[in-house]
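Student: Chains as they are written, first to last, in the working numbering: chain A, 428 to 766; chain B, 428 to 766; chain C, 428 to 766.
No lab work stands behind these hints: they were computed from the structure.
Errors might be hidden in some of the hints.
Just some of the chain C residues that point at chain B, by a computed CB distance under 8 Å [claimed, not checked]:
| no. | residue |
| --- | --- |
| 1 | A455 |
| 2 | A456 |
| 3 | K511 |
| 4 | F547 |
| 5 | H672 |
| 6 | G677 |
| 7 | S713 |
| 8 | S731 |
| 9 | E763 |
Heads up, simulated DSSO-like pairs for lysine-lysine below, C-alpha to C-alpha not over 30 Å straight-line [said to hold, decoys possible]:
| no. | chain 1 | residue 1 | chain 2 | residue 2 |
| --- | --- | --- | --- | --- |
| 10 | A | K747 | A | K761 |
| 11 | A | K754 | C | K751 |
| 12 | C | K747 | A | K751 |
| 13 | C | K741 | B | K472 |
| 14 | C | K741 | A | K723 |
| 15 | C | K754 | A | K754 |
| 16 | B | K620 | B | K576 |
| 17 | C | K686 | A | K576 |
| 18 | B | K620 | C | K754 |
| 19 | C | K761 | B | K761 |
| 20 | A | K747 | B | K747 |
| 21 | A | K741 | B | K540 |
| 22 | C | K503 | A | K766 |
| 23 | A | K747 | B | K741 |
| 24 | C | K723 | C | K741 |
| 25 | B | K540 | B | K511 |
| 26 | B | K722 | A | K751 |
| 27 | C | K591 | B | K620 |
| 28 | B | K765 | A | K761 |
| 29 | B | K766 | C | K765 |
| 30 | A | K761 | B | K766 |
| 31 | C | K751 | B | K761 |
| 32 | C | K741 | A | K747 |
| 33 | C | K620 | A | K761 |
| 34 | B | K751 | C | K741 |
Ideal placement from N, C-alpha and C gives every residue a C-beta, glycine not left out.
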Amino acid sequence: MKISLDELARRFNSKFSGNPNHQVNAVAALDSADTNHISFLANSKYSSLLKTTRAGIVILSPENSNSFHGNKIIDKYPYVMFAKVAALFQKSKNTLREVHPSAVISDSAVIGKDVAIGAFSVIGDNTVICDDTVLEARVTIGYNCHIGKNCLIKPNVVIADECKIGDNVILHPGCVIGADGFGLARDEERWIKVPQLGAVIIGDDCEVGANTTIDRGTMDDTVLENDVHLDNQIQIAHNVRIGAHTVMAGCSAIAGSAKVGKNCLIGGGVGIIGHLEVCDNVTLQSMALVTHSIKKPGSYSSVSPLQETSHWRKSAVRIKQLDKIAKRLARLEKQESKK
Amino acid sequence: MKISLDELARRFNSKFSGNPNHQVNAVAALDSADTNHISFLANSKYSSLLKTTRAGIVILSPENSNSFHGNKIIDKYPYVMFAKVAALFQKSKNTLREVHPSAVISDSAVIGKDVAIGAFSVIGDNTVICDDTVLEARVTIGYNCHIGKNCLIKPNVVIADECKIGDNVILHPGCVIGADGFGLARDEERWIKVPQLGAVIIGDDCEVGANTTIDRGTMDDTVLENDVHLDNQIQIAHNVRIGAHTVMAGCSAIAGSAKVGKNCLIGGGVGIIGHLEVCDNVTLQSMALVTHSIKKPGSYSSVSPLQETSHWRKSAVRIKQLDKIAKRLARLEKQESKK
Amino acid sequence: MKISLDELARRFNSKFSGNPNHQVNAVAALDSADTNHISFLANSKYSSLLKTTRAGIVILSPENSNSFHGNKIIDKYPYVMFAKVAALFQKSKNTLREVHPSAVISDSAVIGKDVAIGAFSVIGDNTVICDDTVLEARVTIGYNCHIGKNCLIKPNVVIADECKIGDNVILHPGCVIGADGFGLARDEERWIKVPQLGAVIIGDDCEVGANTTIDRGTMDDTVLENDVHLDNQIQIAHNVRIGAHTVMAGCSAIAGSAKVGKNCLIGGGVGIIGHLEVCDNVTLQSMALVTHSIKKPGSYSSVSPLQETSHWRKSAVRIKQLDKIAKRLARLEKQESKK
């Protein structure tokens with residue numbers, strides 16, 4: 428597919444300047460693009476690349492617009508604009524909307540219009556799959572589930588019994604929705620499993636990364652509100668609730684019954700202790716551990732700084748002595764003040 | 428199913444007070460329960476909920492018993508009692524004890540009585556699956572494995588060759604038992620793979636969470652003793668041994684050849700370095716890194732505290748200066764002592 | 428299989444001493460070996476075991492050679508030698524080089540000589556699988572993929588469209604190659620998914636652990652150079668590049684567009700922030716977080732030291748006060764210097 432500068436601008440209702448007939452057929456980064464490519468500058472930090480790029484068209488913010496003299500599209504949100512343009516060029520997979528004959532589908536399941544079900548998938552009793560949803564190969568869905576419209580469910584996904592998935596949801600390979608929460612009661616000598624009787628409810632427009640796990644609730648449900656995006660290898664424990672538009676990077680984890688607000692940005696490897704609450708509009712930096720509820724929007728961190736190991740050993744010894752160090756300092760100050 | 432207060436008390440040999448004929452048909456949390464529900468109070472911190480709950484029956488400890496005047500069951504371990512009651516109400520899945528015709532089962536495999544094998548499962552040569560065990564859809568078991576009685580193996584589980592699983596074990600979706608340990612020997616220029624010739628041995632009454640991985644041993648085996656419970660996304664490396672009744676929360680990891688004792692409580696995201704030993708009855712707080720063997724029972728922590736990022740930046744700079752700070756303090760003290 | 432001391436020495440071109448006809452039939456650790464076993468000592472720390480071992484043959488370095496008086500093989504790299512010997516004893520799985528009749532293979536896929544494809548595998552359009560490669564049960568490969576020669580792909584692996592895998596690559600169960608990178612652009616009110624148009628390229632002789640995930644690039648590709656070894660549960664984000672001979676232990680993660688050099692040793696649970704560069708020959712200790720580019724080879728650490736929780740609480744309070752503590756110290760020093 429080829430598309431011209433003026434056609435792009437018209438389609439997305441944007442300003443442009445340059446040769447309206449210049450055509451591009453793919454997207455590329457500024458430093459690898461050639462004249463057939465459209466690229467973008469989202470972060471002024473990289474604006475020096477504008478001098479050397481050979482991109483046929485560049486998407487820019489009004490602020491950076493004067494730094495580039497080639498064909499350009501000017502938009503307040505260049506990265507959003509780029510995402511939309513890139514979607515035009517995404518090779519459509521031309522998925523056949525068919526049910527593969529090997530799939531094992533309960534007689535009581537209800538399958539909507541234009542649904543695709545891939546090879547070796549298994550669909551349980553009374554489960555509903557709404558129109559235009561695609562299940563690729565080897566998807567397992569339990570009984571009494573409800574999968575919304577226009578979802579994309581990739582290979583090896585497991586959705587356990589009674590879970591509900593909204594519309595336009597993407598589930599990446601190997602993610603597990605609705606495994607039992609980790610509930611154990613300690614009897615005198617051994618552990619008793621606490622039945623996990625809730626389910627998982629995922630809102631519209633959510634995305635769940637590869638090999639991420641979201642456990643079902645103990646009595647109530649585990650809930651992702653609309654437009655929540657989870658990266659890969661994330662663990663969401665039972666009874667967690669995540670507010671709309673919150674995004675979490677890979678390998679982060681939320682322990683049981685914690686509540687995370689709306690529009691939070693959670694970095695990679697972050698941990699949130701059980702039963703805590705994190706309010707709206709909180710940013711958690713990578714590998715932070717949240718050990719108390721956060722009631723004030725803002726950015727939070729907890730890791731120790733990176734050091735050469737030989738230097739780190741000395742700092743680590745001192746961290747253990749910190750309380751004593753502080754007390755020794757206080758004593759000196761007291762002596763000083765007496766003089 | 429409905430069950431009355433006196434029938435519950437009789438069945439579990441507990442004390443009760445209130446209307447013996449009051450019936451409940453489900454469990455619920457104190458704040459969402461209504462008169463048809465049975466709830467519980469395990470932590471006195473939440474005892475104020477007793478004033479407002481509409482639960483038909485509440486399970487309480489003797490200490491909290493006087494704080495609630497409705498129908499109640501009094502038990503020393505309310506959470507254990509609740510786990511047992513909740514199990515009564517768990518919807519039975521009415522699993523057909525059948526072998527799905529699509530399953531590929533070696534002629535030399537030995538399948539016990541009342542075993543279920545789900546669609547698209549694969550069972551290797553000489554593997555034994557004992558009575559009453561249920562494999563849901565799409566389970567892969569290698570050759571020479573032994574799976575005990577009354578196990579529940581969920582979709583997408585992989586058990587590699589020669590592993591042994593005890594009785595009453597639950598394996599959650601996507602967990603991998605017996606992948607190769609990470610063994611590499613450095614030749615002059617490149618890595619040589621070290622064959623992983625051991626297996627994984629899992630005791631009775633264990634539970635392994637979704638997408639958790641337990642590697643086979645290099646020469647000896649990787650071992651979980653009885654009643655070990657692992658949450659989701661955990662990594663257990665080759666030749667690790669975990670003692671009976673130890674539980675580990677999500678995303679924790681144990682490196683090669685480390686030994687963990689009995690009755691340990693390991694928080695989420697914890698790491699244990701290879702070849703170390705952790706004795707019995709140790710609690711490791713979330714995201715702690717164990718860098719030396721622990722020989723004394725107790726609770727251990729290592730993370731840096733959560734701070735607002737602007738404040739954290741200053742602390743982080745100072746952590747790097749700590750050794751110098753301590754030396755400067757010592758010098759001042761010395762000068763002071765000379766006066 | 429039995430093999431004698433002189434035959435082993437001849438096969439690997441090594442020195443030996445002892446009874447040339449002594450035969451062994453398996454490998455074992457020094458402390459569990461008997462006379463039928465061959466063992467090794469790679470780390471002098473364990474040399475006391477040489478006094479008590481009952482191993483029939485021991486592989487030793489020249490330095491440790493005099494500490495053992497039984498049958499021995501002397502080699503500069505005992506662990507490498509051991510890896511090669513162990514491979515001789517590894518039970519060959521006698522995999523039938525057949526395509527299981529249940530596999531669903533596109534008519535346009537090209538399958539090489541002596542390729543095995545296990546039950547319930549799915550191979551997409553135009554994908555090429557080269558000679559001698561083994562796919563075990565339930566492997567999913569998308570369209571336009573290229574899988575090299577002599578690879579071993581274990582159950583439940585998912586390789587998404589257009590990814591390229593080199594020769595002699597091992598992919599462990601449940602790993603996901605080529606899921607979408609985590610790319611989101613923030614529109615006024617909600618997130619827009621950024622199409623992930625690149626792929627994953629894996630070089631020769633690489634190994635990817637169980638349930639590890641490697642995301643496809645946004646525009647360019649995510650690349651593992653030759654002889655890269657990744658343990659289990661690792662997350663590699665879009666557009667990452669990992670240099671040849673680098674190894675990463677379990678649960679580590681590299682965020683988007685970061686570049687890691689050659690011959691790096693990355694410990695368990697390590698995090699590397701997006702867009703950073705780590706040069707060649709860097710060692711990162713377990714659970715370190717790399718927050719700035721590393722330009723100097725060496726070893727780096729960042730975690731806080733393990734402490735008993737009661738003691739840790741005090742240190743944690745002091746860490747938050749560190750900037751103030753440092754300023755108070757500076758003030759005292761200033762007063763002192765005025766005297």
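Student: Look at each hint and say if it fits the structure.
Tutor: Structure-based check of all given hints:
1. With a cut of 8 Å, the hint placing A455(C) at the interface with chain B holds, because the nearest CB-to-CB distance is about 5 Å.
2. Interface hint status for A456(C): upheld, as the beta-carbon distance to the closest one in chain B is roughly 5 Å, under 8 Å.
3. With a least beta-carbon distance of about 7 Å to chain B, the hint placing K511(C) at the interface is held under the 8 Å criterion.
4. Of the supplied interface hints, the one on F547(C) holds, with its beta-carbon coming within about 5 Å of a beta-carbon of chain B, less than 8 Å.
5. Annotation: interface hint on H672(C) holds; nearest CB of chain B at approximately 6 Å, less than 8 Å.
6. Interface hint status for G677(C): upheld, as the beta-carbon distance to the closest one in chain B is roughly 4 Å, under 8 Å.
7. With 8 Å as the threshold, the beta carbon of S713(C) comes within range of chain B, its nearest partner Cβ sitting at about 6 Å, so the hint holds.
8. For S731(C), the suggested interface contact is upheld, since its CB lies about 5 Å from the closest CB of chain B, less than 8 Å.
9. Using the Cβ-Cβ criterion of 8 Å, the hint placing E763(C) at the interface with chain B is satisfied: the shortest such distance is roughly 6 Å.
10. As the CA atoms of K747(A) and K761(A) are separated by approximately 23 Å, the hinted pair is consistent with the 30 Å bound.
11. The suggested pairing of K754(A) with K751(C) holds, with an alpha-carbon distance near 13 Å, which does not exceed 30 Å.
12. This hinted pair checks out: K747(C) and K751(A) have alpha carbons roughly 15 Å apart, not beyond 30 Å.
13. The hinted pair formed by K741(C) and K472(B) meets the criterion: a straight-line CA distance of about 25 Å does not exceed 30 Å.
14. At most 30 Å may separate the alpha-carbon atoms for a hinted pair to count; K741(C) and K723(A) meet this at roughly 24 Å.
15. Taking the CA atoms of K754(C) and K754(A), the gap is near 15 Å; set against the 30 Å cutoff, the hint holds.
16. Distance hint between K620(B) and K576(B) is unfulfilled; the C-alpha atoms sit about 35 Å from each other, more than 30 Å.
17. As the CA atoms of K686(C) and K576(A) are separated by approximately 39 Å, the hinted pair breaks the 30 Å bound.
18. For the given pair, K620(B) sits about 53 Å from K754(C) by alpha-carbon distance, which is inconsistent with the 30 Å threshold.
19. A threshold of 30 Å between alpha carbons decides the hint, and for K761(C) with K761(B) the separation of about 15 Å falls inside it, so the pair holds.
20. For the suggested pair K747(A) and K747(B), the alpha carbons sit about 14 Å apart, so the restraint of at most 30 Å is met.
21. About 62 Å separates the Cα atoms of K741(A) and K540(B), which puts this hinted pair outside 30 Å; it is violated.
22. Of the pairs offered as hints, the one joining K503(C) and K766(A) is violated, with about 68 Å between alpha carbons and a cut-off of 30 Å exceeded.
23. For the hint pairing K747(A) with K741(B), the CA-to-CA distance comes to about 19 Å; that is within 30 Å, so the pair holds.
24. Our distance criterion of 30 Å between C-alpha atoms is broken by K723(C) and K741(C), whose separation comes to about 35 Å.
25. At roughly 27 Å between alpha-carbon atoms, K540(B) and K511(B) fall within 30 Å of each other, so this suggested pair holds.
26. Annotation: proposed proximity of K722(B) to K751(A) holds, straight-line Cα distance about 24 Å (limit 30 Å).
27. A C-alpha spacing of about 22 Å is found between K591(C) and K620(B), which places the hinted pair at or below 30 Å, so the restraint holds.
28. Proposed proximity of K765(B) and K761(A) is supported: the alpha carbons are some 17 Å apart, at most 30 Å.
29. Our distance criterion of 30 Å between C-alpha atoms is met by K766(B) and K765(C), whose separation comes to about 15 Å.
30. Proximity of K761(A) to K766(B) is assessed by CA-CA distance (about 15 Å); at most 30 Å being required, the pair is judged to hold.
31. Simply put, K751(C) and K761(B) have alpha-carbon atoms about 22 Å apart, close enough for the 30 Å limit, and the pair holds.
32. The suggested pairing of K741(C) with K747(A) holds, with an alpha-carbon distance near 9 Å, which does not exceed 30 Å.
33. Restraint check for K620(C) and K761(A): the C-alpha separation of about 60 Å exceeds 30 Å, so the hint is violated.
34. The hinted pair formed by K751(B) and K741(C) meets the criterion: a straight-line CA distance of about 21 Å does not exceed 30 Å.
Checked against the numbered hints given earlier, the structure breaks hints 16, 17, 18, 21, 22, 24 and 33 and satisfies all the rest.
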